[in-house]
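Asker: For what it's worth, the working numbering labels the leading residue of the sequence shown as 1, then goes sequentially.
Misleading hints may appear alongside valid ones.
[As the list claims (entries may be wrong)] Quick list of in silico lysine to aspartate or glutamate cross-link-like pairs, EDC-like style, CA-CA up to 16 angstroms:
#, residue 1, residue 2
1, Lys117, Glu128
2, Lys5, Glu128
3, Lys117, Asp100
4, Lys5, Asp59
5, Lys95, Glu128
6, Lys117, Asp59
7, Lys95, Asp71
Everything labelled a hint here was simulated from the structure, so no lab data went into it.
No experiment lies behind these values; they were computed from the predicted model shown.
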Amino acid sequence: MATWKTFSLATPELAAFGARRLSHESGVAYLATVRADGSPRVHPVTPIINDSSLFLFMDSTSPKSNDLRRDSRYALHCAVEDMDGGAGEFVVSGKAVLVDDEQIRAHAIEAAGYAPKDRYILFELMIEASSSTVYSEHGILRQQWAGK
Numbered sequence: 001m002a003t004w005k006t007f008s009l010a011t012p013e014l015a016a017f018g019a020r021r022l023s024h025e026s027g028v029a030y031l032a033t034v035r036a037d038g039s040p041r042v043h044p045v046t047p048i049i050n051d052s053s054l055f056l057f058m059d060s061t062s063p064k065s066n067d068l069r070r071d072s073r074y075a076l077h078c079a080v081e082d083m084d085g086g087a088g089e090f091v092v093s094g095k096a097v098l099v100d101d102e103q104i105r106a107h108a109i110e111a112a113g114y115a116p117k118d119r120y121i122l123f124e125l126m127i128e129a130s131s132s133t134v135y136s137e138h139g140i141l142r143q144q145w146a147g148k
């Protein structure tokens, strides 16, 4: 698993594309988690990216927070604007880590495009793999990265 910083250093172009596609200007992203019965669940989220980390704030009682505390596996996919693929697709997957460090929380709040409520808990999304797909009149361009 890698932090966003490690991912960015390993593949700067893919990370920059991902940061643009996951930004709140691009719309909500979609987080996939695993329910207690093993079935998938999808949630709209607003990811936060700073120089070193990929974060998600969420209510401590939300289904997504319960899923991630029980089974930390996740996949996160950006919004796509239209049926032609819009500005492209970006997805990361890995494991979510609950953050209880106040200094890290302060950095995440500073990077957020909104004011997270005090009751929200914070997860850092560690990255195992990532990919992008960009559609154009010249064809489809795909990039992939897998951490070690």
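Asker: Verify the proposed pairing of Lys95 with Asp71, using a straight-line Cα cut of 16 angstroms.
Answerer: holds (8 angstroms)
Asker: Sort out whether Glu128 lies within 16 angstroms of Lys5, counting only the CA atoms.
Answerer: holds (13 angstroms)
Asker: Given the hinted pair Lys5 and Asp59, is their alpha-carbon gap at most 16 angstroms?
Answerer: It is violated: about 26 angstroms lies between the C-alpha atoms, which goes past 16 angstroms.
Asker: Measure nothing beyond the straight line between the CA atoms of Lys95 and Glu128; if it is 16 angstroms or shorter, mark the hint as holding.
Answerer: Within the cut-off at roughly 8 angstroms; holds.
Asker: Is it true that the CA of Lys117 sits at most 16 angstroms from the CA of Asp100?
Answerer: Satisfied, since the Cα-Cα distance of roughly 15 angstroms is no more than 16 angstroms.
Asker: Between the alpha carbons of Lys117 and Glu128, is the straight-line distance 16 angstroms or under?
Answerer: At roughly 29 angstroms apart (the allowed maximum being 16 angstroms), Glu128 and Lys117 break the hint.
Asker: Starting from Lys117, check that the Cα of Asp59 is at most 16 angstroms away, please.
Answerer: The hint holds at about 8 angstroms.
Against the hints set out earlier in the document, violations occur for numbers 1 and 4.
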